[in-house]
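There are 2 protein chains.
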Amino acid sequence: MIYFDNAATGGVKPDCVLTAVAAAIKAGANPGRSGHKLSLACLERVYACRKILCEFFGGYSYDRVVFTKNCTEALNIAILGVLERFAAEGATVVTTVAEHNSVLRPLEFLKNKGLKVQYAPLDGNGNIDVDALSKLVTQNTKAAVVTLASNVTGCSPSVKDVRKVIPQDCLLICDGAQACGHITIDMKKSGIDALAVAGHKGMLGIQGSGALLFSERFNPDPVTFGGTGSESYNLQMPDFYPDRLESGTDSYPAIVSLGEGTLYLKDRLSEHAAAIEDMTKTLIYGLSQIRGVKLYSKVNPFGIVAFSLENMQSEMAAYNLSENFSVCVRGGLHCAPLMHKALESEGLVRASVSAFNTPSECQTFLQAVKELTSV
Amino acid sequence: MIYFDNAATGGVKPDCVLTAVAAAIKAGANPGRSGHKLSLACLERVYACRKILCEFFGGYSYDRVVFTKNCTEALNIAILGVLERFAAEGATVVTTVAEHNSVLRPLEFLKNKGLKVQYAPLDGNGNIDVDALSKLVTQNTKAAVVTLASNVTGCSPSVKDVRKVIPQDCLLICDGAQACGHITIDMKKSGIDALAVAGHKGMLGIQGSGALLFSERFNPDPVTFGGTGSESYNLQMPDFYPDRLESGTDSYPAIVSLGEGTLYLKDRLSEHAAAIEDMTKTLIYGLSQIRGVKLYSKVNPFGIVAFSLENMQSEMAAYNLSENFSVCVRGGLHCAPLMHKALESEGLVRASVSAFNTPSECQTFLQAVKELTSV
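Those protein sequences? They're chains P and G, same order as listed. Residue 287 is where the first sequence starts when you use the working numbering, and the numbers rise one by one after that. Residue 287 is where the second sequence starts when you use the working numbering, and the numbers rise one by one after that.
Rather than coming from a laboratory, the hints here were simulated on the basis of the structure. Do not take every clue at face value.
Chain copies aren't distinguished; within one or between two, either way the pair holds.
Claimed, not checked - Derived DSS-like pairs: lysine-lysine, alpha-carbon spacing no greater than 30 angstroms straight-line:
| # | residue 1 | residue 2 |
| --- | --- | --- |
| 1 | 421 | 552 |
| 2 | 552 | 312 |
| 3 | 323 | 584 |
| 4 | 323 | 627 |
| 5 | 656 | 323 |
| 6 | 584 | 397 |
| 7 | 656 | 627 |
| 8 | 567 | 584 |
| 9 | 656 | 337 |
| 10 | 567 | 323 |
| 11 | 446 | 397 |
| 12 | 580 | 323 |
| 13 | 567 | 312 |
| 14 | 337 | 312 |
This is chain P alone, in the form it adopts within the complex (with noise of 0.2 angstroms):
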């Protein structure tokens, strides 16, 4: 069995991590709940989680990084938290066609609250246009929400040149769902003020993970609201971080697979990185010279290789892969509709690999590939 599905949740999770998580199961207490002592080391344990994502973020403090359930959750968060406000006032708020529903469809919904909702189509390379994005900025423009890869394709606009073209008191959101544990990402450097994080994907951490890192300026409403074990005579949320985000008990043991996970990439970042786009560069090379294969992908560092075949449908390629071929990718719209209609598709197929695949497994794929387009 080979899996290339790792950009939907990462296949491979590192000894360590799932040691931490079965221990942490075990050590059972709910952090921030109680006073005694296995509670106060589960306590400080997701503290301790909270500043090693700070640090591998460049995030601005380690009370502004929330724990959610998966990047959507995070992505809510920071929009529906935020841009509501916006809505109320008819601002306006600027996109990219290269979204994933997890923005698009948050953005949607605050359309009818009077939100303005703009989107920045691709250039003639496929990849998203940052000077078209620049055009659609106005004196109205409150927030630009821009994800750092394409679920889709991989591409992955220069969040500096992003930054550049917005004003300084526009808020940058930014959902790192691909991109995190994959390239450096530098909050503060690069002017992002709200960052989604998955945790199950490239930061090898378990179904269930994720976060919200954002900065001083950035200060979302709750969405949900309950028990936080902090002023529990306060029938409304408490107005300070991470508190007021996180209520009800958090998956101790996602978390620790989140701290952890992150720990293991520190070093191995660029490692992984260069494994990766090695993998990619081999699988778009192979598959450019396959009869019958369009590819939409270019060589990058998440992994992500998109391509489409000659008369056969993306769903059915990747139900003839899995089951006469054992490899495991996608097809389908990805969640990204708005990206399709750029990029006149109607659907792709979509191998992802992570630093656990090997080149033996893409050149196994790529025989793969050949034998179902020969059919």
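Based on the hints, put chain G in the right spot on chain P.
Chain G alone, transformed into the frame defined by chain P:
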């Protein structure tokens, strides 16, 4: 170390849960996102878990079982997703002073949007006063939100009695955080429209698991928005359940843990409840014999025993029990501020046992309290 904080997070998970979670983490794939073998196997397992929960709780249909990260998220979906509509009409919701902040805080948030919230008091025995609740009900009452067991004292109203005193068309939302896994709950028989489930307490799953089950007439709008793996072309959330309420990657390991925990409990529920009741009896009798202890709990199947000490704050007592006697209990308000007002308490010590605790641990605990009070 004696762990008597099971009402916060269950301290022991059965081996079958631990094994299933470890396998689920290694399975890796993303349920409902791709069409390959691994992903489909995960999707099937998730649906099997929906079915297991639906059967266990006498639910309405398995597509009306949505997985959440905790009970708080489930309550938020039920309250914000449905009662916000009533808020716009200025309708009334009845609830009780025994509710947790996971109910109080979302309800208080909706007050700003026009919802009227009325609180039923406790009766003379420290139970939720269902008669008083019935008197709060008017033609304008659209829903009742009632805990199935107080997380502070373990008091528990008869849900059938609650159902009787509210009109047929009044929605009944129940917080099952402390009750699920401890007593038999049959949603259809009891006329419960929405049941919020914590996965990591009585249900024996891991942190990060939870669920909302709901009736055919209970149709929550989404609280968060994102990819669902379905209708990817649609910029709105799909209008069918469970997809409408589950955005972003679900935590497959957590869902599996909840399914496995439920299966484990299926034939052991009454056995567990009896063991727990016995231990609460032991604790309550023992504490009643210690000078300076004031009890707030009666024998119950939820394992909750709340008490105060003369001349020692609850947090200090909990700290002392942890530091000097290696006993883990919780002090403070337990995120239920109105309950403390009703009990005229400024904080309580809560010992909470599970079926994995032992009568001998209860004796050691009683000895510790005795020593603590005699200092």
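Outcome of the hint check:
| no. | hint | in the structure |
| --- | --- | --- |
| 1 | 421 / 552 | neither (37 angstroms within a copy, 61 angstroms between copies) |
| 2 | 552 / 312 | both (26 angstroms within a copy, 22 angstroms between copies) |
| 3 | 323 / 584 | between (52 angstroms within a copy, 27 angstroms between copies) |
| 4 | 323 / 627 | between (55 angstroms within a copy, 28 angstroms between copies) |
| 5 | 656 / 323 | between (59 angstroms within a copy, 21 angstroms between copies) |
| 6 | 584 / 397 | neither (34 angstroms within a copy, 52 angstroms between copies) |
| 7 | 656 / 627 | within (27 angstroms within a copy, 72 angstroms between copies) |
| 8 | 567 / 584 | within (8 angstroms within a copy, 68 angstroms between copies) |
| 9 | 656 / 337 | neither (47 angstroms within a copy, 41 angstroms between copies) |
| 10 | 567 / 323 | between (51 angstroms within a copy, 26 angstroms between copies) |
| 11 | 446 / 397 | within (28 angstroms within a copy, 43 angstroms between copies) |
| 12 | 580 / 323 | between (59 angstroms within a copy, 25 angstroms between copies) |
| 13 | 567 / 312 | between (42 angstroms within a copy, 28 angstroms between copies) |
| 14 | 337 / 312 | both (23 angstroms within a copy, 27 angstroms between copies) |
In the structure shown, a violation is registered for the earlier hints numbered 1, 6 and 9, in ascending order.
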